[in-house]
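2 protein chains.
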Amino acid sequence: MVSAQILTVGDELLSGDTVNSNLAYLGERCRRAGISVLRAVSVRDRVGEIVAALRDAAGWADLCLVSGGLGPTSDDLTAEAVAVACGVDLVRNEEAVAVMTEMFAKFGRPMPDINRKQADLPGGADMLANPIGTAPGFAAWLPDPAEGGRRCLVACMPGVPREMRRMMAEQVEPRIQRAFALPAVFRRIYRAIGRGESAIAVDIEPIIAAARTRSPGLAAVYLHYRAAAPQVLVIVEGTPGPNGERATAEELAALDREIAPALQPAVYGIGEADLAERLIAALARNGQTLGTAESCTGGRVGALCTGVPGSSAVYLGGVIAYHNYIKVRLLGVDQGLIDANGAVSEPVARAMADGARRALGTDFAVAVTGIAGPGGGTEEKPVGTVDVAVSDAGGTTYKRLKLFGERALIQHVSAMWALKMVWDRMIELGLTEVGVQD
Amino acid sequence: MVSAQILTVGDELLSGDTVNSNLAYLGERCRRAGISVLRAVSVRDRVGEIVAALRDAAGWADLCLVSGGLGPTSDDLTAEAVAVACGVDLVRNEEAVAVMTEMFAKFGRPMPDINRKQADLPGGADMLANPIGTAPGFAAWLPDPAEGGRRCLVACMPGVPREMRRMMAEQVEPRIQRAFALPAVFRRIYRAIGRGESAIAVDIEPIIAAARTRSPGLAAVYLHYRAAAPQVLVIVEGTPGPNGERATAEELAALDREIAPALQPAVYGIGEADLAERLIAALARNGQTLGTAESCTGGRVGALCTGVPGSSAVYLGGVIAYHNYIKVRLLGVDQGLIDANGAVSEPVARAMADGARRALGTDFAVAVTGIAGPGGGTEEKPVGTVDVAVSDAGGTTYKRLKLFGERALIQHVSAMWALKMVWDRMIELGLTEVGVQD
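As they're listed, the protein sequences go chains A and B. Counting from 1 along the first sequence, just add 772 to a position and that's the residue number in this note's numbering. Counting from 1 along the second sequence, just add 772 to a position and that's the residue number in this note's numbering.
One or more hints might be untrue.
Claimed, not checked - Derived pair list, reagent style SDA-like, types lysine to any residue, alpha-carbon separation capped at 20 Å:
{"no.": "1", "chain 1": "A", "residue 1": "1174", "chain 2": "B", "residue 2": "889"}
{"no.": "2", "chain 1": "B", "residue 1": "889", "chain 2": "B", "residue 2": "946"}
{"no.": "3", "chain 1": "B", "residue 1": "1174", "chain 2": "B", "residue 2": "981"}
{"no.": "4", "chain 1": "A", "residue 1": "889", "chain 2": "B", "residue 2": "999"}
{"no.": "5", "chain 1": "B", "residue 1": "1174", "chain 2": "A", "residue 2": "881"}
{"no.": "6", "chain 1": "A", "residue 1": "889", "chain 2": "B", "residue 2": "1196"}
{"no.": "7", "chain 1": "B", "residue 1": "889", "chain 2": "A", "residue 2": "975"}
{"no.": "8", "chain 1": "A", "residue 1": "1153", "chain 2": "A", "residue 2": "1111"}
{"no.": "9", "chain 1": "B", "residue 1": "1174", "chain 2": "B", "residue 2": "999"}
{"no.": "10", "chain 1": "A", "residue 1": "1171", "chain 2": "A", "residue 2": "1109"}
{"no.": "11", "chain 1": "A", "residue 1": "1174", "chain 2": "B", "residue 2": "847"}
{"no.": "12", "chain 1": "B", "residue 1": "1171", "chain 2": "B", "residue 2": "1196"}
{"no.": "13", "chain 1": "A", "residue 1": "878", "chain 2": "B", "residue 2": "1196"}
{"no.": "14", "chain 1": "B", "residue 1": "1174", "chain 2": "A", "residue 2": "1001"}
{"no.": "15", "chain 1": "B", "residue 1": "1174", "chain 2": "A", "residue 2": "903"}
{"no.": "16", "chain 1": "B", "residue 1": "1174", "chain 2": "A", "residue 2": "876"}
{"no.": "17", "chain 1": "A", "residue 1": "1174", "chain 2": "A", "residue 2": "904"}
Said to hold, decoys possible - Stretch by stretch, here's where chain A covers chain B in the computed footprint (C-beta under 8 Å, at least three residues):
{"no.": "18", "stretch": "888-899"}
{"no.": "19", "stretch": "946-955"}
{"no.": "20", "stretch": "1043-1054"}
{"no.": "21", "stretch": "1063-1072"}
No lab work stands behind these hints: they were computed from the structure. Every residue gets a Cβ at the ideal spot worked out from N, C-alpha and C, and that includes glycine.
The shape of chain A in the complex, shown without the other chains (with noise of 0.2 Å):
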């Protein structure tokens, strides 16, 4: 298996100021092509720290994968670090200086001087061209320290993630295909809300065990659980055994049979499409539309439908109705339920669902009204509390949360539960099930 060294540059990720979302993403890339990441690191903006996390990697890894530090300022050092791990010298390259012009004429702008910086590139590196960006990337072959010949192929692309992203898939994928001769791993990914990691690894652990029995692949499969509240992903992964063998996709197929109902009813589908993506495509199949009443969640549940393309068919829109003014005046809730009961209690949240189902126009609408905190909370209502409701033409369906936590968590784990409500309902009329979607 090909193995490689992911290597993120920039003070800004050792400091807290920007979380390293960079390397989920080339990771992930790097699991699709069945590139085995066995480390990961961030350095700082400094020549000699960026130079050894180099000849590390040229000391074990086929590929070591770089982001960060290509750009304009005195504090990006990626080029002149491969330039000295490679042993050769920074030479401008003219056709890099023709394209950042022509960028920023056509932009209007005249170039500063400073920009030219990033057309000096690693003699004899590749460059790789970045359509969106300055800041131009490059291939080279690092020395392996002991014998001096190439060794490990470094690409790096610039710290930007759009940029960082497409770099990767038209210039530095193609690269790594050419290279390196790579096999496909499959995986299995079950999806839960509702369960816990340890109940549900109790219930899971003995179908693996009783699966590696059947064949050497299956015997090899690697079992991850990652939980990111509400959520818990069960993986089974067919990375290979000491001889070479992995798992067939079909043989990791077989195993929802047993896995998916073993999960119920937390588990809302198998592969990699989430939550969001599934009720949309749902709705859209069956013609269906979705409103959103959101509280204390505050839009998220609004944002969550929208990040999916294509939403615009079946989410029509929502009320945030954070006071309870707005409660009354555009979801028609009766200030005297609020009165009567707080603006967190089931007959409120089935009153806001009805009202933005009826206000909205939608065949379906999901209300959410809680305590997200760090006020607002009592003994009877503590900060976590939050009801969730679902309207539908054939009746609303109703659940409190008991949650845990600090105010974000606390709203995104709601926005989720909401989702997972919509969802569970769907399943409940005949409108949707449990199946595999990627």
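Go by the hints and put chain B onto chain A.
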């Protein structure tokens, strides 16, 4: 300066299943404590790979912060790896078993047997209590690989972010303070929306160059740019020079008088507080309220506002008018205006903002309508065309954005610009100013 490695453990970090937010959190806590994080490493859930990363840290770091791999399942191996690196055995910690048993009892659930494994800690390690999860952490001293004596404090925390954060604050940071003498590192952050990183650098670098001549402390400052569209942060940090000289808080604060004006009108504030926090605080100071009308952002402006604790005092709510029918029905936009100009147009954006202010009864309302893609673009209005309008009693301001990138980016950038437009209008009305807020 105390030097640290952050070690995050878990296949999910390398396979792209999880974005490594723990790294950013731990990096920020270290920066604020004056600890210099020189390197961050992520490895898979394999004993040998965790041990190698621990031994590497023991060779150069004073501190190694570890998160992940403390759970109950078979792929949780951090305690075993630390035991190997320390040359000790795992020992069942009966206090940890008792705490765990009690926690399960509190939730009325029997403790699965596999959870006991979480109480097996490296011999001689201190248990770190986890009041909100079942996995305790632990702290130990790694021996220097060359000398054998104690060298590097290693603190192992759970991978679940909320559990890790609380353990870091309550258990780990006090231990670090006891173990090391930590100096204060000051920094100044200038926050801008509406100007690119290169253009900002051209304006800023001469100011910093001149400042460096003023004192040895200022000569040593470290200048960062952190770009996350649409925002660029300029960070001037008092990192120590070769002889330990560092800029004082007062020296850094004095830079405001030059840097803030040089970045106008893009800069909205100085300090840690983000735009949403400042906007909510400014509205509250003035007793003003805000509402939202969102089409392409689908709730993200509301989510940004309601992410701020206490926002309920000023953010009353909004309408997610994703379908045109909702724009007409709930915001009172004239259907003829949409037919004549299209939903993404200046007249419709203005009508949405004015309509939202009326419908929601707020002092300010901001409206966003645009084409987030990937579909829906035309030659005249390509994907990324977004209209933003702000309505208040004094009038309605408007701006057309021309954005690039994928759907999620366009939605995020548009939502941030919506807040910036309200902020700019409040500045124009004399209701707020560009100030320091941490």
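Going through the hints against the structure:
1. A/1174 x B/889: Violated, because 28 Å separates the two Cα atoms, which is more than 20 Å.
2. B/889 x B/946: violated (27 Å)
3. B/1174 x B/981: With Cα atoms ~34 Å apart, residue 1174 of chain B and residue 981 of chain B exceed 20 Å; violated.
4. A/889 x B/999: holds (19 Å)
5. B/1174 x A/881: holds (16 Å)
6. A/889 x B/1196: Status violated; Cα separation ~35 Å.
7. B/889 x A/975: Satisfied, since the Cα-Cα distance of roughly 17 Å is no more than 20 Å.
8. A/1153 x A/1111: Holds, at about 15 Å.
9. B/1174 x B/999: At roughly 18 Å apart (the allowed maximum being 20 Å), residue 999 of chain B and residue 1174 of chain B satisfy the hint.
10. A/1171 x A/1109: holds (18 Å)
11. A/1174 x B/847: Since the Cα atoms of residue 1174 of chain A and residue 847 of chain B sit roughly 29 Å apart, the hinted pair is violated (cutoff 20 Å).
12. B/1171 x B/1196: holds (12 Å)
13. A/878 x B/1196: violated (29 Å)
14. B/1174 x A/1001: violated (36 Å)
15. B/1174 x A/903: The hint holds at about 17 Å.
16. B/1174 x A/876: Roughly 16 Å separates the two Cα atoms, so the pair holds.
17. A/1174 x A/904: violated (45 Å)
18. 888-899: It is violated, with 0 qualifying residues against the three required.
19. 946-955: violated (count 0)
20. 1043-1054: violated (count 0)
21. 1063-1072: Since three or more residues must qualify, the claim that chain A covers the stretch 1063-1072 of chain B holds, with 7 doing so at under 8 Å.
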